[in-house]
Each structure stands twice: as C-alpha cells, then as structure tokens.
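Engineer: Using the sequences provided together with the hints, build the complete structure.
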Amino acid sequence: MRADDDVLAMIFWIAVAALAAAVTYAVTRPLMQTHQPLADASEADLAVYRDQLAEIEADVARGVVTESEAGSAKAEVGRRVLRHSGGKSDSKAATDAAAPGSLLKPIYLATSLLLPLASVGLYLAFGAPGLPGQPLSERVAAKVDGTKPDDLIAKVEARLRDHPEDGKGWEVIAPVYMAQRRFSDAASAYASAIKVLGETPPRLQGFAEARIRAENGLVPDDARKALQTVLAADPKRKEPRIWLALAKEQDGKAADAASDYRALIAEAPEDAPWRAALQDRLNRIENPGAVAGNAQSAKPNDKGPTAANIAAAEAMSPDERQAMINRMVSNLAERLKANAKDKDGWLKLIRAYQMLGRKDDAVKAVADAKAGLAGDTAALQDIDDMVKTLGVGG
Amino acid sequence: MIVEFGHFALILALLVAAVQTVVPLIGARARDVRLMNVAEPAALAQLALLSIAFLALMHAYVTSDFSVANVAANSHSTKPMLYKISGVWGNHEGSMLLWVLILALFGAAVAAFGNNLPATLKANVLAVQASIALAFLLFILMTSDPFARLIPAPADGRGLNPILQDPALAFHPPFLYTGYVGFSIAFSFAIAALIEGRIDAAWARWVRPWTLAAWMFLTIGIAMGSWWAYYELGWGGWWFWDPVENASFMPWLAGTALVHSALVMEKREALKVWTILLAILTFSLSLMGTFILRSGVLTSVHSFAVDPERGVFILGILVLFTGGGLAMFATRAKDMRTGGLFQPVSREGTLVLNNLLLVTSAATVLIGTLYPLILEATTGDKISVGPPFFNMTFGPLMLPLLLAMPFGPLLAWKRGDLAGVAQRLAFAIVAALVLGVAAYALFNRGPWLAPFGIALGCFVMLGALTEWATRVKLGAAGMDEVVRRAINLPRASYGTLLAHFGIGLMVVGIVGTTAYQEERILVMKPGETVTVGGYDATFKGATPGRGPNYREDIAAFDITRNGAAVTKLEPSKRIYDAPPQPTTESGILASWRGDLYIVIGDEQGGSGAYAVRAYFNPLVRFIWIGSLIMFIGGGLSLADRRLRVGAPVKSRRPQIIAAE
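Chains as they are written, first to last, in the working numbering: chain A, 1 to 394; chain B, 1 to 660.
Worth flagging that the hints you see were computed from the coordinates, not collected in a lab. Note that the coordinates shown come from a computational prediction; the quantities given were computed from them, not determined experimentally. Watch out, some of these pointers could steer you wrong.
Per the computed footprint, the stretches of chain A lying under chain B, defined by three or more beta-carbons under 8 angstroms from a beta-carbon of chain B, are [what the hints assert, rightly or not]: (1) 15 to 21; (2) 123 to 137; (3) 272 to 284.
Derived pair list, reagent style EDC-like, types lysine to aspartate or glutamate, alpha-carbon separation capped at 16 angstroms [unchecked claim]: (4) B:Lys-525 x B:Asp-558; (5) B:Lys-267 x A:Glu-69; (6) B:Lys-267 x A:Glu-55; (7) B:Lys-414 x A:Glu-76; (8) B:Lys-568 x B:Asp-536; (9) B:Lys-267 x A:Asp-45; (10) B:Lys-267 x A:Asp-59.
Glycine is no exception: its CB is placed at the ideal position from the N, C-alpha and C atoms.
Structural biologist: Quick look at the structure:
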C-alpha cells in the first residue's frame, strides 16, 4: 500500500513537471527566434480594402447589387485607400528601429523561471499534493469503517432506497436521524416504518417528536393527530400529553394548557426530569413577563429525550448538547450495571455507543449484554441482530 | 491524482495569463514581433490548461469523488449521470471555471484564426483578453477554489438543488456563458483600439462575427432559461422580469445594438467611436450580470454581506474593467478619426435609431434591476420593481423599434427613399392590419391594445418577407430569375430575414399569451372537470410514485375537446431525496393554438382533493420558436463567406495581388 502511494506520487510529480516544462517551452519559444521587422499596419488595412473591393465585384457577378450601387460602394472604398496612402507618412514605422531586443533577455529569463517555479510554489500553497482521488466506487468496495456512523447510515440508506418495503430498516434508521438532528428525515423514516409495519404507540410518538422538532418546536397537525392516536391506545404515556399541552399553548389556549401542565406536574414523580420544564412553562403562562427559570436545570434521564430535554437542547450550544448526550448515555450504562436483565436498555446503549463513534465501548457493551442476558435466547438473538445491522466491531 | 493535476493546471493557467497580459503589451509598445508572438502560444496553452482543469473536475463529479469539497457539496451518488455532468457548472465554483474556460476558448480562437490581423492589434487584443482571464482566475483561486479537498470524505454528497435537475436548465448555462463571455472579444478589441489610438480597417470585420456569435448563444441561452421557467416553476408565465433574467437580458439588448452598429462601421466606416463605447458597455453589462448572479447580492444585500469576500472581489473586477475601459475611452476617444456623415433617412439612420432605442431600453432594465438593490443598501427599505414598471417603460420603447424595423433593411445606404420604401411595405402594412382585426374578431376580448400588438408582430414578419421579395424581384421578374436570385442572395441577407422574422413571431406570441391567457385556480375532487381554453380537463385522482431520486404524487387528467378525447396530462409534485425539496412538474398539452398548462398544488383535507391551477396560454409556443429562428438567422449570417475570418481570406490574397 505504501509503495503504491509512492509510485503514484512519483507519476504525479513527473506529470506536473512535464506539463510545466511543455507550457514554458511553448510560451517562450517565440522569444528565441530571430528578430523580424514588423509588417506595416497600413498594409493590413489595404488588404482589407482589397477584400472589400473583391466582395463588391462578387456581389455584382451574382446579381445581388446593381451596377450603380456597386459603383458608389467601390468609389467609397477607393477613397479610403487614397486617404490611407496619404496618411502613410505619419505611421509609426519610424519607431520600428527603437532598440529591438533590449528587453528580450530579461523577459525571456523572467518568463521561463516564473512559469515553472511560481506554478509549483502556488500549487504547494493551495493544493493537496499527493492526495489521491477517492471515487465512490473504490470507497464502497473498501470495507465499511464501523466506527464511522456516516458510512453505516449511507449503507442503510442505500439498502432502503432499493428496498423501501424494509420496515425494520426504517425503524432502525429513524432514531439515528433523530440523534443526528436530521428531523425531517427522521419523520419520513418513521412514516415509512408505520406504512410498512403498522401503527404502534412508539412509532407514532417517534414520528410526532420528529415532526415537532423539524418544525422547531411547533406542533404541526399531523403530529397532533399521531399523538392523539397514541394517547387513545396507551393513556398511561406522559409524552403525548406533554406535547399536546404544548400544542394548546401554541394555539393560544393558555388556560387549557396551564391546567394540563398542572395535572401533569401533580402526577409527576418527584424526580421526573420534565417536571421543572413544565413548571417553568406554567410559570410563564401565569406570570407573563416574569423571567423564566432555567430549563437546563432539568435532570437528564435515561428514557430518551422528552419535551423538556428538547426544549433545553434547543437553547444549547453544540458542546453543551454533546455533554447532555454523554450524560444520558452514562446514566443508562450505570442503570444497566444495576439491572443487567434489561434487554431494551442494552440495545439502546449499544446503538448509542456505535452512533457516537465509541467503537470499543460498543463492543464491550455487547459482551456485557450477552453476559447479563445469558439464558434468554430471544434476547440474545435480538442483540446479535443489532450487532449485524450496525456492524458493531466490524 | 487527477483532481490534483487539474488543480495544478488551473494554477499554471493563472501564470500563463499573467505572462500573456504583460509580454505582448510590452511587445506592442516596443514593436518587437518576438514579444508580441508570445500571445499566440500563451492563449492556446491557456485553453489546454483550463480544459485539463475542467475535465478533471468533471471526472471528480462523474466518479462521485466526495473528497473534493465542491463535489460533496453539490453532487450525490444517486443522481442520474446527466446531472452529475451538469452538476459541474451547477454551482458557484464550477460555473466560474466554465466561465474562464469559455474565455480561454475565445482567446485561443483569436490566436488561431487571427492570421490576417495587424500584429500589434492582435497582440493588444490577446493581452486584454488575458487580463480578464487573469482577474477571474485570481478570483477563483482566492475565493472559490473548485479543487479544495475534504478529508475525510463524507459518505455521500449533499445533492444538487432539485429544481435544477432538468435538461433545459442543465444545459442552458454553457449557452448563456458563451454569450456573456463572447462579448469579451468585442471588449478586448475596443480596448486594443484605444491602446493603439487608431482603429484598423480589419477592426469591424473582426468584431462583428464574434459579437454575432456571442449574441446567438445569448439568445438561445435566454430562451432556454425562459422555457425552463415556464414549465418548471409552475407559474404559467414565461418571463418574470426577475433580476436573474434581467442580468442576461441587458447584455442581450446592448449586444443587439452592437451587432447593428458594427455593421455600419464595417460598411461605412461611421459610428466608430460609438461602436467602441458600445463594446465596452456590452461587456460591462455581462460582467454586471456575472456580479449579480455570483455575489449573492440578488437574494438580498444582506446575503452579500454574509460572503463579502466573493462579492467584493467581483465588484472589484467589475469596477476595474468597466471603470478602466470607460476612463480609457474618455481620454483616448477624442483622438480617433470619426467616420463619414450620412442623412437621417438612410440605412445608417435607422440603425442609429435602433441603437438609441436598444441602449435606452437596456438602461431602463438596468435602473429597474439596480434601483431596489441600491435603495436597500442605502436605506434598508425593501421595494420590488415588478412587471408593471417594465411594461410601462420597456413596452413604449419597443414600439417605435418594431415599427422602424422593416424599414431599415429596405432603405439604401447613405440616403434612402422613405416614400418608396413605404410603398413597398404597403402590402405588409395592410395585411398586418387585417390580421390584427382578425385577432380581435377571434378572441373578442382582452385589452384594446392587443390586436394592435398582433398587427405589429405581423408587420415585422411581413416586412422581413417584403425585403426578401424585393431583393429577389418577386413578381417583377420571371420565375427562373427569382430562383436564381434567391439562391445567390448572400447568407447574411437570409440571416437578417430570419432574425427579424423571429422577432415578429415572438411579438405575436408575447402579445397573444399576455393578453389572452385564461386562468382557473380551484380545488378539484377526483371526477370533477374544469373547462379552460376550449378543453375539458377531468381530474382522475392522484397516485404516489417513485423516481430514481425522488418521490412524487402524480395527478391524472383526461383532456377532451368538444367531447372527443385528446390526451392525458400527468402533472406531478415531487419531493427529492437529497436535499428534500418539493418541485412541481407541470402537465402541458402544446399545440399551435396555444398550450393547456396544468399544475397541482397540495392535497386539501385528505379527501383526495387537490388544489389545481389550469391555464390556457394562446400562441405561447411562438415565443420560443421565434428565438430559435433568431438563433438560426445568426448562424446563417455567421456562415456567410464574406464574414468568415482567418485562413480563407489569406489564401485569396495572392490571387488579388497577382491580378493587379
């Protein structure tokens, strides 16, 4: 591999040198020839007039101009010729002798040095010497680098383009899009999963959250419909209620929203992370103008982002956001140490590591998961499936 | 490696351009042939080097090499091959590379075919041409390097703006740029004449064919852009007085004037100084077009501020060449010998009128385009100068131009016989009025001006035919004589005939579609029917579909006329995969009578009902057929033996000398 690179680099520099040499030679060649006197410019003018006369003759011969028209046109060209011969003495022929060749040497030297040296110099400054091209065909043939989430995503995307009926694929890629903040892609992935595999509360909820985040926190109609369906199927879920309350607030129904918020806060466990954010919104409705509390004080949880986290994430810098994600992942890892039987937790953790590019952690998590779930064949199968789909350890 | 080789070739081209700017200029001053002769191989080397660079970039696009930042930002692995290739110039960096490539092509053409040019003129022209290339190559390398690399390479590119994924749009920039850049030759000749302080006899003979070639390509480029806007944007219109359109229309107007004034200069050695000024102005307007398109000043003066480096650089180039050219004109033009005098009623007279009107209309468009930008930059107020402004100002300027157009070619040089010409045009005038009345009777609605507009277009067409009939002595001589004359008529005459005829046809199309358009906007449920332009369109519902890189909703319409089935139209709405962006694909039923044009909007309330816009655009086809005829006319004129420059002229010379 190294040797190949060296050969390529050598060929490249030979080609560069050849091109620079050929161009320099071609451009400076006229400078090496012997001096010739400059043809008088009025000769060129006379040649044009002769051409014009010949054209008039040709037109007469073809019968497209009358004799009288041709006569006056010829007379006019004739006058130009006369005027020209009269003015010949003031042409610049006299200056012709002015020290020909005195500038030639310096110009020749400057040009033949400037072209090759400056071009290579500028290229070294602007270019990326020796960097080979990376056509897609070569890179696809090369083994996909499992540590790079982008490559994995591209692979899954390519598969989904050919097999849009692969519902599982859509389901896998949707949360990945969410993590990458590609919300409208996530929404259409959830929508495709729902189309192929049918409606379930998690899918509908995922779809709604993706739509809402794609709209920068506004709750669009389709998301609202999806959340209502989720709530009808699974009234115990809190997230749809939070989002729908937010929707009411956005509709201007502040009182309704406030009462929903109050109900949610009342039901919320003491350590619910979204509690503070809801309290914050409630305060804002009740005391408009009052300075809002800090939404970031909400504790991260391990249940995936909720309304509060998202509201907080919206206001964060990329670094802060990264820190929040890392906190969530380490919380999850802590919890799984205590309860190694949580299959869904393991799946989530492995996926998270993989997507964050923490390849070694992902491999270790797979091993830990297999140890923890030993004996549960169905769960082990799921773990293996995910390892294959994401290419963990590949 | 190919990418890097292309990058090196681009840099070498920059240095060759620098040499080509300086050395021949010194040579022309010192009257040293050896120094001047450097220009020729330098111009050819520039073309070769920029071709290498362009092909290298194209190679990167075709192989989807996303390690090139430009490719990653503007291409996508699933894009059809056609759009991978057109993607090369579908972005800022690539299109600038195409710009300098075409510039080099024109320069190399002067170098290769300019054997009969006086040596100093040729050296100066090529030096000026190279200075333009130098400025733009610097611009490319400093602010818009198409070969910048991106390591590590992303897995896939971000895709071409889907609205640009269309054959007409994919291939209109090369035409448009050939037009813009072609005027650089006229500019270089003008500056060279000012440097020398004299205008050679060969000047006009050279400038005219190059200007004509540029004009042809600009014509067809603008027409393709307008055609694309017509069927892709889904607004039912074909010209929007959008600043992007105006940017190409202004050089077209000035270039049209230049083609005509160069004619006077060649035949009569008159209007010399004016032609030089016009050449400078035309290219300046081309540069301004480039500036407006490429600086981002269009979307808003604020986006200009977002990327000030590029905008300011191009503005600098614009100021340098326009200001420098005009300053040189101001100091040197008074030394030029002015040409012959002539009567106002003569072919030259009508051509001067043509020039005045065209330049005034170009100025009008310029004001309408720049005023909102300047106002926003100085006061922050956003105003929009729309079609009403242009219709009020541009229309009245075109009226005398079109009226005078048939008279020009019929008048003799030096002094013409207006009464005699009017007599010859009597048939055309009467026939045009009859056709105008017929249009009024046929449509029986619309503005009262419309029939006059139709009559005017017909007058221009019939006037062009009258000129031909006069020349071949139709009706005055026997059939054999007429055929012989028709065959012998120079191709340039046929060029004039076609170009003027095409304008007339276009006017009829413009008036017809503007005055008599029918429009229906409604929500249609499946099974409902809308009647427009004599057609009944029945909505059969919409179905989802999938293309290579988009999803779409395809609506089906059954079209019937007087109960008889005509065809099916399938307008659709597409969402592209990367980037996800909606586009409309209109369903068009084209006929000579006019186009039935249907586009669908969003689904309404989930009941399968869609917002539908249906138009009938009478005679709209004539607009593009007219421009195509103009293009062909320009080509014929260019093919005329008498305009051909280069080798043939030289090879004829010895015979002439021998005859003396």
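Engineer: Does each hint fit the structure? Answer for all of them.
Structural biologist: Hints, verified against the model:
no.	hint	result
1	15 to 21	holds (count 4)
2	123 to 137	holds (count 13)
3	272 to 284	violated (count 0)
4	B:Lys-525 x B:Asp-558	14 angstroms, holds
5	B:Lys-267 x A:Glu-69	13 angstroms, holds
6	B:Lys-267 x A:Glu-55	12 angstroms, holds
7	B:Lys-414 x A:Glu-76	11 angstroms, holds
8	B:Lys-568 x B:Asp-536	11 angstroms, holds
9	B:Lys-267 x A:Asp-45	14 angstroms, holds
10	B:Lys-267 x A:Asp-59	14 angstroms, holds
Hint compliance for this structure: hint 3 alone is broken.
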